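Asks: Sequence:
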Amino acid sequence: MRYFDDIPDDYEAEIGTFALTEADVIEFAKAWDPQPFHTDPEAAVKSPFGGLVASSAHVFAICTRLFFDFKDPIRVVAMLGKDKLRLPSPARAGTTLTYRTRCIDRRESASRPNIGIITLADTVTDDDGNVVLTQEVTLMVARRR
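Going letter by letter, the sequence shown gives residues 33 to 177 in this note's numbering.
The set of hints was computed from the structure by calculation and includes no laboratory data. Bear in mind the structure is a predicted one, so any value in this text is a computation, not a measurement. Where a beta carbon is used, it is the ideal one built from N, C-alpha and C, also for glycine. There's no promise every hint is true.
Unchecked claim - Using 20 Å as the maximum straight-line C-alpha spacing, the simulated DMTMM-like pairs for lysine to aspartate or glutamate come out as follows: (1) 103 with 37; (2) 103 with 38; (3) 103 with 44; (4) 78 with 54; (5) 62 with 74; (6) 103 with 54; (7) 103 with 154.
Claimed, not checked - So the derived label-pair ranges between C-beta atoms look like this: (8) 53 with 132: 20 to 28 Å; (9) 83 with 161: 13 to 21 Å; (10) 168 with 141: 13 to 21 Å; (11) 137 with 55: 37 to 45 Å; (12) 116 with 43: 13 to 21 Å; (13) 33 with 113: 21 to 29 Å; (14) 113 with 146: 19 to 27 Å; (15) 67 with 177: 44 to 52 Å; (16) 42 with 78: 30 to 38 Å.
Using the sequences and the accompanying hints, generate a full structural model.
Replies: Given below as structure tokens:
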């Protein structure tokens, strides 16, 4: 478990990978984003994407799951916000997504001595190296003291 004090200014990590199956895409989309290019492989072929793609909410959920399953987790107290969120390429069914992060800012909390604040720049890519997601996430992180 990494606390704020354990995160160097140049922190970088490959958080994990996720094999995005057709069944995963359809199941998530039926529950949360039931658009044909997420739920119907035949209709998806005729869509601007040319095939079945994951909902953006699904990609966010995958990132969250991978972050908290990471072998060297950060002791997050709360997420303060997401900025600069971009989805430049679709997350296609049948690809493996790779989630990487790096620390771009870290500071002690001015009001809470037991908390630090970090900002991570996240990137998710597919098998072909296409960038599927970028975002900056600001987190409150517990300190060791």
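Asks: Hints first: check each against the structure and report whether it holds.
Replies: Structure-based check of each hint:
no., hint, in the structure
1, 103 with 37, "18 Å, holds"
2, 103 with 38, "15 Å, holds"
3, 103 with 44, "14 Å, holds"
4, 78 with 54, "16 Å, holds"
5, 62 with 74, "15 Å, holds"
6, 103 with 54, "27 Å, violated"
7, 103 with 154, "17 Å, holds"
8, 53 with 132: 20 to 28 Å, "22 Å, holds"
9, 83 with 161: 13 to 21 Å, "18 Å, holds"
10, 168 with 141: 13 to 21 Å, "18 Å, holds"
11, 137 with 55: 37 to 45 Å, "38 Å, holds"
12, 116 with 43: 13 to 21 Å, "18 Å, holds"
13, 33 with 113: 21 to 29 Å, "23 Å, holds"
14, 113 with 146: 19 to 27 Å, "20 Å, holds"
15, 67 with 177: 44 to 52 Å, "48 Å, holds"
16, 42 with 78: 30 to 38 Å, "46 Å, violated"
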